[in-house]
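A.B. asks: Line by line, the protein sequences are chains X and Z. So in the UniProt record's numbering, the last spot in the first sequence is 318, and the numbers never skip. So in the UniProt record's numbering, the last spot in the second sequence is 316, and the numbers never skip.
Calculated directly from the structure, the hints in this document are not laboratory data. Please note that a few of the clues may not be correct.
Claimed, not checked - Label-pair restraints from in silico Cβ distances: (1) X:A117 with Z:T131: 32 to 40 Å; (2) X:E85 with Z:P33: 49 to 57 Å; (3) Z:V132 with X:K132: 35 to 43 Å; (4) X:S219 with Z:L127: 46 to 54 Å; (5) X:G158 with Z:P33: 51 to 59 Å; (6) Z:N148 with X:K119: 46 to 54 Å; (7) Z:N148 with X:E154: 42 to 50 Å; (8) Z:I124 with X:H94: 34 to 42 Å.
All figures in this text were calculated on a predicted structure; none of them were measured in a lab. In this text, a Cβ means the ideal position worked out from N, Cα and C, and glycines have one as well.
Letter by letter, the chains look like this.
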Amino acid sequence: MKQLPVSSLGFTLLISALLIGCNQSASNEKSGGSDGKKIVVGATMLSMQNEFIVNVHDEMAKKAEADGVELITVDAERSALKQVEQVESFIAQHVDAIIMNPCEVEASSPAVTKALAAKIPIINVNSETSTKPSAFVGSDDVESARIAMKFIAEKLNGKGNILMMHGYMGQAAQIKREQGAQEILKQYPNLKLLAHQTAEWDRAKGMSLMENWIQSFGSQINAVFAQNDEMGLGAVKALTDAGLKDKVLVVSIDAIPDALQAVKKGSLDATVFQNAEQQGAKAIEAAVKLAKGQPVEKETLIPFQLVTKQNLGEFLKQ
Amino acid sequence: MENSYKERLRGLGKYGLFIAFFAICLTLTFLAPTFLTVQNLMIIVTQVSINALLAFGVTFVIITGGIDLSVGSIVAVTGIAAATFAHPDTYPVIVPIGMGLLAGLAFGAFNGFIITRSKVPPFIVTLGTMTVGRGLALILSKGRPISNLSDSFNFIGGGKILGVPTLILILIVTFIICSVILRKTVLGRYMYAVGGNEQAARASGIQLSTVKMVVYALSGGLAALAGILLTSRITTGQPNAGAGFELDAIAAAIIGGTSTSGGTGTMTGTLLGALLIGVISNGLDLLNVTSYYQQVVMGVIIIGAVVLDSLNQSTR
């Protein structure tokens, strides 16, 4: 095992060297005509099947076009291995900067190391890797759950029975959102976590789980905290069907369009807004600055915001 | 001694599923006071219905000796196809239903076409169309859920008629139709014949390719029904809906005694298989057991069912 990385690294270097050779001759021909060199940014995204990630990417594309930057996007399809390979190919293409939306904390780290070794700036957007990149743009997931749970605690006056729906167990977002929720629960000893279970970020699964919970706990339930809106909306549907929605508070995270509509209708009590637009735009901004050799903030944290019926207006416009 | 032991196991294999089902229900009744209530039983059947519909289609396919891995993706494609036409004040509710069913039948027929025209095994063909289907669902929806569906559309999978959820009623009707197709029609007999012994079936003049085409189209059509109902139940068309459903459906069929080598299987068995999966998942939720254990329990039951099935076959 110890031998493998070295030899594969050697192989990669050989291939990259070859590709760089080809690429340079090609770019020489290209830049022969005009001198105004366009900045090229390579982006690898966690999953283009995820609505939030698609939103972040759309904003990156918009900002890139406005700034005259060429953006090459690839989808890592939730595979860290694939993501590392994609970054390797960006390095081989000699892009000016790389934006990575990491699949995993540990397994995506080698990509950062490789980009830095090739002296290409790399920016992590939305989530982190254990190896520190040139810059990080995103939000702290722990904070989102703190905001959601705090809202529940205040609404219940610090006393009541709560159910929590987890995302995919073991994913960074699930771990951090659970951590944030538990921190708040510790501060309110009279809030009792009746049960917690995964619904795998999925609306249909969230709905089934809520139906089963209603059978076991019925009128004991005071509030449900779902770690994303999809599951939260599933819970809302099950509670509405059982005629219990008026008695149970439901709060979730992400503020997807469906959730905002549900807050408007009053069926979802609150959601937490993670600013995809700003994350995307700031990531491109940082990439351009780094490509030009200008200094940037090491960490740009974009704050979460609680969305309730009161302040809904400002989010619906976006 | 040896013989009577095998004899006993064989008996257990025949009724094993019923015994296991009632034993688990009985245990849950004692452990969870809310398990055996009319309301909870209705919830279980509602939750099971989507998987059961898929499993009926897969049962047809497995009986002919094939396999269909694409049903989960068909759920997504047809759900998106239906949701696209289901916005309020656009088309009457029959249009989204029709579009969804049409998409599913076409998808299934395409599976059948490739499988019968080429010599490529169904496992590989449907593995390919599974990926194609997922991609199509993402393309059609641009990677985003389609919501804001009309009330009449949301009723078909989420409403109640005389206090009974529509999903349960549709499940019962579909179950009866599928059972009749399998047991009372020429087509059903041909399915068993094709799966039992393809050479013999061909020799006796059965149009193998026609039977297979119909079987895959049926599977696609039932997956479409499941996709439409799921979309209606959660009131939104989701491009990543149905991921992994194909495995649950195949599990239900196999637990229900459908032999993976083809030629045997019943709709009653498949329904019971699906119910068993649903009961376990509901029961473990009621008992607040983490989903990690649920997966282990489910795996053990699948292997147990297949082992009993193979014992049954070797003594036949």
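A.B. asks: Now tell me, hint by hint, if it's right for this structure.
C.D. replies: The hints, checked one at a time:
1. X:A117 with Z:T131: 32 to 40 Å: At roughly 35 Å between Cβ atoms, Z:T131 and X:A117 fall inside 32 to 40 Å, so the hint holds.
2. X:E85 with Z:P33: 49 to 57 Å: Given range 49 to 57 Å: holds, Cβ gap about 54 Å.
3. Z:V132 with X:K132: 35 to 43 Å: Hint holds: Cβ distance 40 Å, inside 35 to 43 Å.
4. X:S219 with Z:L127: 46 to 54 Å: holds, 47 Å
5. X:G158 with Z:P33: 51 to 59 Å: For X:G158 and Z:P33 the Cβ distance comes to about 30 Å; the hint is violated.
6. Z:N148 with X:K119: 46 to 54 Å: holds, 49 Å
7. Z:N148 with X:E154: 42 to 50 Å: Taking Cβ atoms as reference, Z:N148 and X:E154 lie about 31 Å apart, which means the hint is violated.
8. Z:I124 with X:H94: 34 to 42 Å: Holds: the Cβ-Cβ distance is about 39 Å, inside 34 to 42 Å.
Consistency with the previously given hints fails for numbers 5, 7, ordered from lowest to highest.
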